[in-house]
Amino acid sequence: MSKAKFTEVEFMICLAARAIEDNKTVFIGYGMPQIAAILAQRLYAPGICQVYEYGAIGPQVATPFMRNMMADARNSYRSFCWTTMNTMMAHASSGFIDYGILGAAQIDPFGNINSTMIGGTYERPKIRFTGSGGGNEVASLCWRTIILMEHEKRRFVERPDFITSPGYLDGSPNAREDAGLPRNTGPYRLITSIATFDFDSQTHRMRLTGMRESVTKEFALQNMGFEPLVADKLETLATPTTEELKMLREVIDPHRVVIGRVGE
Amino acid sequence: MKVIAAGEGEVKLTDADEIRQWRRTQKTRALTDKVIDEHEAVSRFVHDGDYVSYDLSSMVRGPMSLEREIIRQKKRNLWLAAKFTLLDSTILVAGGCVSKLDVGFAGLGRTLFAAIESGRVKTIDWSNGTLALRHLAGAMGVPFLPTRALAGTDTFKRSGAKVVEDPFTGKKVCLVPAVHPDVAIIHVNQSDRSGNARVFGPSITPLETATASKNVIISAEELISTEEIRRNPGLTTIPYYLVDAVVLAPYGAHPGTVPGLYTYDSEHLAEFFSAQDDASMQKYLDKYVYGTKSHTEYLELIGKERLLKLRENETIREGYYK
Numbered sequence: 001m002s003k004a005k006f007t008e009v010e011f012m013i014c015l016a017a018r019a020i021e022d023n024k025t026v027f028i029g030y031g032m033p034q035i036a037a038i039l040a041q042r043l044y045a046p047g048i049c050q051v052y053e054y055g056a057i058g059p060q061v062a063t064p065f066m067r068n069m070m071a072d073a074r075n076s077y078r079s080f081c082w083t084t085m086n087t088m089m090a091h092a093s094s095g096f097i098d099y100g101i102l103g104a105a106q107i108d109p110f111g112n113i114n115s116t117m118i119g120g121t122y123e124r125p126k127i128r129f130t131g132s133g134g135g136n137e138v139a140s141l142c143w144r145t146i147i148l149m150e151h152e153k154r155r156f157v158e159r160p161d162f163i164t165s166p167g168y169l170d171g172s173p174n175a176r177e178d179a180g181l182p183r184n185t186g187p188y189r190l191i192t193s194i195a196t197f198d199f200d201s202q203t204h205r206m207r208l209t210g211m212r213e214s215v216t217k218e219f220a221l222q223n224m225g226f227e228p229l230v231a232d233k234l235e236t237l238a239t240p241t242t243e244e245l246k247m248l249r250e251v252i253d254p255h256r257v258v259i260g261r262v263g264e
Numbered sequence: 001m002k003v004i005a006a007g008e009g010e011v012k013l014t015d016a017d018e019i020r021q022w023r024r025t026q027k028t029r030a031l032t033d034k035v036i037d038e039h040e041a042v043s044r045f046v047h048d049g050d051y052v053s054y055d056l057s058s059m060v061r062g063p064m065s066l067e068r069e070i071i072r073q074k075k076r077n078l079w080l081a082a083k084f085t086l087l088d089s090t091i092l093v094a095g096g097c098v099s100k101l102d103v104g105f106a107g108l109g110r111t112l113f114a115a116i117e118s119g120r121v122k123t124i125d126w127s128n129g130t131l132a133l134r135h136l137a138g139a140m141g142v143p144f145l146p147t148r149a150l151a152g153t154d155t156f157k158r159s160g161a162k163v164v165e166d167p168f169t170g171k172k173v174c175l176v177p178a179v180h181p182d183v184a185i186i187h188v189n190q191s192d193r194s195g196n197a198r199v200f201g202p203s204i205t206p207l208e209t210a211t212a213s214k215n216v217i218i219s220a221e222e223l224i225s226t227e228e229i230r231r232n233p234g235l236t237t238i239p240y241y242l243v244d245a246v247v248l249a250p251y252g253a254h255p256g257t258v259p260g261l262y263t264y265d266s267e268h269l270a271e272f273f274s275a276q277d278d279a280s281m282q283k284y285l286d287k288y289v290y291g292t293k294s295h296t297e298y299l300e301l302i303g304k305e306r307l308l309k310l311r312e313n314e315t316i317r318e319g320y321y322k
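Heads up: the sequence lines are chains Z and E, in that order.
What the first sequence shows, in the working numbering, is residues 1 to 264, in sequence order.
What the second sequence shows, in the working numbering, is residues 1 to 322, in sequence order.
One chain only, chain Z, in its complex shape:
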């Protein structure tokens, strides 16, 4: 395997940027999703409308990206509309938001996400995380959710310690609607640092659809805590292009706040 010329985060961001459809509304979570949306907007999908839970609709986010940039002047730059959280959630709830992009600490076979706690009890967790933020609304209400996560065995779990944001719940055919969530919504793609997945339309189980070049199917599966379905034909995922890396490193995130540095 040749020495990587890009970081795992860069790989995930590039795949996500390519997955975003032009002229759609996209609900953006904190961190990687922000960079992916900016990259998509600059290279592939100039007509996307980014929306943020804090009330910014359609910003052309100012770059370079700064640490913890959220809700500030740079992130909200040149929006179409500035409003408030209840309005943004109403837009998602009433069906105006096509995509949501989220990160995750853990994921299960049906795309349920944990970003709340691991180990111990709820009252005394071994490791506590931030909790839902707006993630529960994004995963509940947007038409399609794209999830970004490092490909590590401990993150793919049969039963997460906590389901923060809903995937296909127990995977039964109408599980989401039966719970009270909007019809025809749910996880669309999982993008990891080495592979991509979709969710089987019948069983709602996670399905391996592609690996990064020089990564084997076996390697991808070995590094998961459960066995996903595997597509008949597996795609070889193109690594970040020179143009993508130049845009990421020189324009969008030159301080390497999110994308990191090769070899770190």
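Derived from the structure by calculation, the hints contain no laboratory data.
Even glycine gets a Cβ: it sits at the ideal position worked out from N, Cα and C.
Careful, some of the hints might be misleading.
[Said to hold, decoys possible] In silico DSS-like cross-links for lysine-lysine, where the CA-CA straight-line distance does not exceed 30 Å: (1) K304/E <-> K322/E; (2) K157/E <-> K126/Z; (3) K27/E <-> K100/E; (4) K126/Z <-> K304/E; (5) K2/E <-> K162/E; (6) K122/E <-> K126/Z; (7) K122/E <-> K74/E; (8) K74/E <-> K27/E; (9) K283/E <-> K126/Z; (10) K126/Z <-> K162/E; (11) K126/Z <-> K74/E; (12) K157/E <-> K153/Z; (13) K293/E <-> K309/E; (14) K126/Z <-> K2/E.
[Claimed, not checked] Take a look, some chain Z residues computed to stay more than 10 Å from chain E by CB distance: (15) A73; (16) R74; (17) E152; (18) Y188; (19) V251.
With the hints as your guide, set chain E onto chain Z.
Then chain E, alone, in the frame of chain Z:
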């Protein structure tokens, strides 16, 4: 209405008619001068055990000067609505002021998470959106509002929400109860002396939070005249009769940013977030919070030159100021 599933989380319930009566008898409609300093505002309106809510945070336009004063006055056992937060919940927990967190987004840093992991701070998990909706219900004077989110998850189970059968359609719907914070602390760009307040830029729930709460403390970057308010009423976010106290607090969100006015103080934030254990956090609080008697002294400690630099560094003004 048939309850199908109920979250186990503790909910602070307040009777909507009691709150109405409070508003009738305890909130003046007279255009009085409500300007006091942060010491008086916090000692009069923030009490041990209170449910406290702030507005937009992350590190943006949070009421940091009021929070530092809450820590100085050693308020205890507060129950915080931690929606879209970062600095606020983190510093108040570090200051030992908090016993319960309604979590939208808990905050950041080892001090905060260690407090939860050790059981010192109890969490009740919701989401940013459902906490915002609970404030809207409180602001509308209705006991609850429905949401299409939350159901089916452990977040729901740990919250105080309920899934019921919609009496109109028979479908399942999740209900979240109204919240009426005892006190709201909201930092704004401009206010007149009676509390007609302007927030510039996108935000979480400034009006809902102010309306839902029993008492409201506004801290303002700048005081402007009522005449100026009347000249451009479309800019008013919060009308005066919701407000109990107005505190002048230039750089009140420091080390966070007020968009269009001054940027984050990255150096100071690095110092705050590098305090990864109780001892180093105590050192931080000793220096910046207990070591200063007021917001004015705090700003002197940060230094004029540094503060002016933050203003210079905020190059984007369009959308916020002319």
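Could you work out which of the previously given hints the structure breaks and list their numbers from low to high?
Numbers 4, 14, 15 and 16 - these are the hints that the structure violates, sorted from lowest upward.
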